Amino acid sequence: MSDDNMLGTYLRNRRTRLDPVSFGFAGRRRTAGLRREEVAQRANISPTWYTWLEQGRGGKPSADVLDRIATALTLTEVEREHLFLLGLGRPPAVQYRGSDSITPRLQRLLDVLTCSPAIVRTATWDVVAWNRAAAVVLTNYGTLPPDQRNILRLIFCDDRVRAAQPQWESVARFVVSSFRIDAARAGADAEVAPLVDELCRSSPEFASMWRDNEVRTYGDGTKHLRHPEVGLIALEYSAFAVDGRPDLSLIVYNPATPDDRALIQSLVDGWQAPVEESRAVWAS
1 MSDDNMLGTY
11 LRNRRTRLDP
21 VSFGFAGRRR
31 TAGLRREEVA
41 QRANISPTWY
51 TWLEQGRGGK
61 PSADVLDRIA
71 TALTLTEVER
81 EHLFLLGLGR
91 PPAVQYRGSD
101 SITPRLQRLL
111 DVLTCSPAIV
121 RTATWDVVAW
131 NRAAAVVLTN
141 YGTLPPDQRN
151 ILRLIFCDDR
161 VRAAQPQWES
171 VARFVVSSFR
181 IDAARAGADA
191 EVAPLVDELC
201 RSSPEFASMW
211 RDNEVRTYGD
221 GTKHLRHPEV
231 GLIALEYSAF
241 AVDGRPDLSL
251 IVYNPATPDD
261 RALIQSLVDG
271 WQAPVEESRA
281 VWAS
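Be aware that the sequence shown starts at 1, since it is given in the working numbering, and climbs by one per residue.
By construction, these hints were calculated from the structure, which means they are not laboratory data.
Heads up, a few of these hints could be off.
Lysine to any residue pairs mimicking SDA-like chemistry, simulated, CA-CA at most 25 Å apart [claimed, not checked]:
| hint | residue 1 | residue 2 |
| --- | --- | --- |
| 1 | Lys60 | Pro91 |
| 2 | Lys223 | Phe240 |
| 3 | Lys60 | Thr74 |
| 4 | Lys223 | Ala190 |
| 5 | Lys223 | Arg201 |
| 6 | Lys60 | Val78 |
| 7 | Lys223 | Pro258 |
| 8 | Lys60 | Glu77 |
| 9 | Lys223 | Gly244 |
Note that the structure is a prediction, hence the values are computed from the model and not measured.
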């Protein structure tokens with residue numbers, strides 16, 4: 001089957017699954033789903049052109065046409081990506097659709113990691129979820145206003161966070177270079193511009209590192225923190241994509257050794273106040 005025919009088959013499949021009544025189309029129908037001209041109307045394209053696409057003789061559509069068809073067919077992000085792969089041989093251009101919400105299931109996943117600090121961050125490095133271990137070892141983000149739960153702000157603007165990093169400059173450069181590529185991948189350049197401007201004004205060190213234009217992926221590695229109660233803690237970190245949420249990343253910090261696990265366990269066990277009421281002192 002040719003790529004054009006695969007595209008046409010996919011379009012027909014998605015079209016016939018839709019309920020005409022829910023889109024305000026009435027009348028008796030011999031087949032299920034929307035009619036071709038109804039999809040064309042919703043997508044603001046020629047009915048003839050849409051028919052040709054389904055028949056595999058319309059040539060390659062533009063990205064704009066595919067985007068309008070995806071909206072007309074109410075495709076999910078995964079379905080939209082598949083449509084672009086069939087129609088153009090590439091995924092759609094990234095469009096940042098940030099959100100500060102996560103599912104209860106994802107929060108439950110964080111919570112079962114009792115001795116592994118874990119956070120969920122956006123592509124702009126705002127922390128939107130964390131577990132108890134993260135609150136006692138990294139930062140208790142619940143005590144901060146939402147707009148201050150940003151890792152770059154904490155690294156460059158919080159003296160206590162800076163003191164917790166044995167090699168602050170290396171950590172800061174890593175954060176800036178990883179942040180830059182995460183924002184670019186997510187198509188969030190416009191969203192991060194105010195934060196970058198703010199940090200350039202408030203931190204000459206950030207401004208210098210930002211001008212260096214270094215990029216690197218977060219990936220995995222080992223992080224060291226200097227905790228005021230237990231001293232140095234070594235953590236092996238790994239970053240994971242959140243399925244269906246290209247704007248989110250899950251970062252898990254596992255204790256590097258049994259001794260590090262024991263230190264974290266002692267901090268978690270000794271935590272008296274509710275997580276959301278305690279004072280934040282650490283950044284991830």
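**Asked** Are the Cα atoms of Lys223 and Ala190 separated by 25 Å or less?
**Response** Roughly 30 Å between the alpha carbons, so the hint for Lys223 and Ala190 is violated.
**Asked** Straight-line Cα separation of Lys60 and Val78 no greater than 25 Å?
**Response** holds (20 Å)
**Prompt:** Does Lys223 pair with Arg201 here, judged by a C-alpha cut-off of 25 Å?
**Reply:** Given pair Lys223, Arg201 is violated - Cα atoms ~28 Å apart, limit 25 Å.
**25 Å limit on alpha-carbon distance, applied to hinted pair Lys223 and Pro258** = OK: Lys223 and Pro258 at ~16 Å, within 25 Å.
**Restraint status (C-alpha distance of Lys60 to Thr74 at most 25 Å)** = holds (21 Å)
**Asked** Straight-line Cα separation of Lys60 and Pro91 no greater than 25 Å?
**Response** holds (14 Å)
**Distance restraint between Lys223 and Phe240, which requires alpha-carbon spacing of 25 Å or less** = holds (16 Å)
**Message:** Just to be careful, I want the Cα atoms of Lys60 and Glu77 compared with a cutoff of 25 Å; is the pair within it?
**Reply:** holds (21 Å)
**Message:** Holds or violated: Lys223 and Gly244, Cα atoms, limit 25 Å.
**Reply:** violated (28 Å)
Figure legend: structure checked against the earlier numbered hints; hints not met, in rising order: 4, 5, 9.
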